[in-house]
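**Q** Sequence:
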Amino acid sequence: MVAKIKTGDQVKVIRGKDRGKEGKVTRILSNDRLIVEGVQIVKKHVRATQQGQQSGIVPTEAPIHRSNVMVIDPETKAPTRVGVQVTEEARDGKVKTLRTRVAKKSGKELA
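With the UniProt record's numbering, letter number 18 in the sequence shown gets 18, and the count goes up by one each step, no holes.
No lab work stands behind these hints, which were simulated from the structure alone. Because the structure is a prediction, the values reported are computed rather than measured. Among the hints, a few may not be true.
Stated by the list, open to error - Label-pair ranges, simulated between beta-carbon atoms:
no., residue 1, residue 2, range
1, Ala78, Thr7, 33 to 41 Å
2, Arg19, Arg99, 38 to 46 Å
3, Thr97, Asp32, 22 to 30 Å
4, Thr87, Arg15, 31 to 39 Å
5, Gly16, Val95, 38 to 46 Å
6, Lys96, Asp32, 25 to 33 Å
7, Thr76, Gly8, 15 to 23 Å
8, Lys24, Gly83, 40 to 48 Å
9, Ala90, Gly38, 13 to 21 Å
10, His65, Glu88, 31 to 39 Å
11, Leu29, Arg81, 17 to 25 Å
C-beta: ideal position from N, C-alpha, C; glycine also.
Generate coordinates for the entire structure from the input sequences, incorporating the hints supplied.
**A** Laid out in structure tokens, this is it:
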């Protein structure tokens, strides 16, 4: 079972032109792409004005593929993969299986 990145996770971009940037996941799109607050790419923007065309450089939110980011481990502050820790707990004579998202490097539980 693969643990996925969730909204609110603090992530670091590990591949691509935005490598090294950090931010919080604000939206997860259906095509395995993420919108990360604080990670903005710069695009050339051309708009029409009354005098003609005007171009400028504009920072814009751009989706990042899930495979290009890693979650920041809350304990070590280093990028890490997300794992799943499975535990069993007895309640009322029944065994309940609990799955918790954890940072693979430190084993610290993620929200």
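**Q** Each hint: holds or not?
**A** Against the structure, the hints come out as follows:
For Ala78 and Thr7, the hinted distance range of 33 to 41 Å is not satisfied, since their beta carbons lie about 22 Å from each other. Between Arg19 and Arg99 the CB atoms are about 31 Å apart, so this pair departs from the stated range of 38 to 46 Å. A C-beta distance of roughly 27 Å is found between Thr97 and Asp32, which places it inside the suggested range of 22 to 30 Å. Between Thr87 and Arg15 the C-beta distance comes to about 33 Å, which sits within the given range of 31 to 39 Å.
The supplied range of 38 to 46 Å is met by Gly16 and Val95, whose beta-carbon atoms lie about 44 Å from each other. Checking the proposed 25 to 33 Å range against Lys96 and Asp32 shows it holds: the Cβ atoms sit about 31 Å from each other. As the Cβ distance of Thr76 to Gly8 is approximately 19 Å, the hint placing it in 15 to 23 Å holds. For Lys24 and Gly83, the hinted distance range of 40 to 48 Å is not satisfied, since their beta carbons lie about 20 Å from each other.
Our hint of 13 to 21 Å for Ala90 and Gly38 is violated, since their Cβ atoms are close to 43 Å apart. The given range of 31 to 39 Å is respected by His65 and Glu88, whose C-beta atoms sit roughly 35 Å from each other. A hinted range of 17 to 25 Å holds for the C-beta pair Leu29 and Arg81, which are about 21 Å apart.
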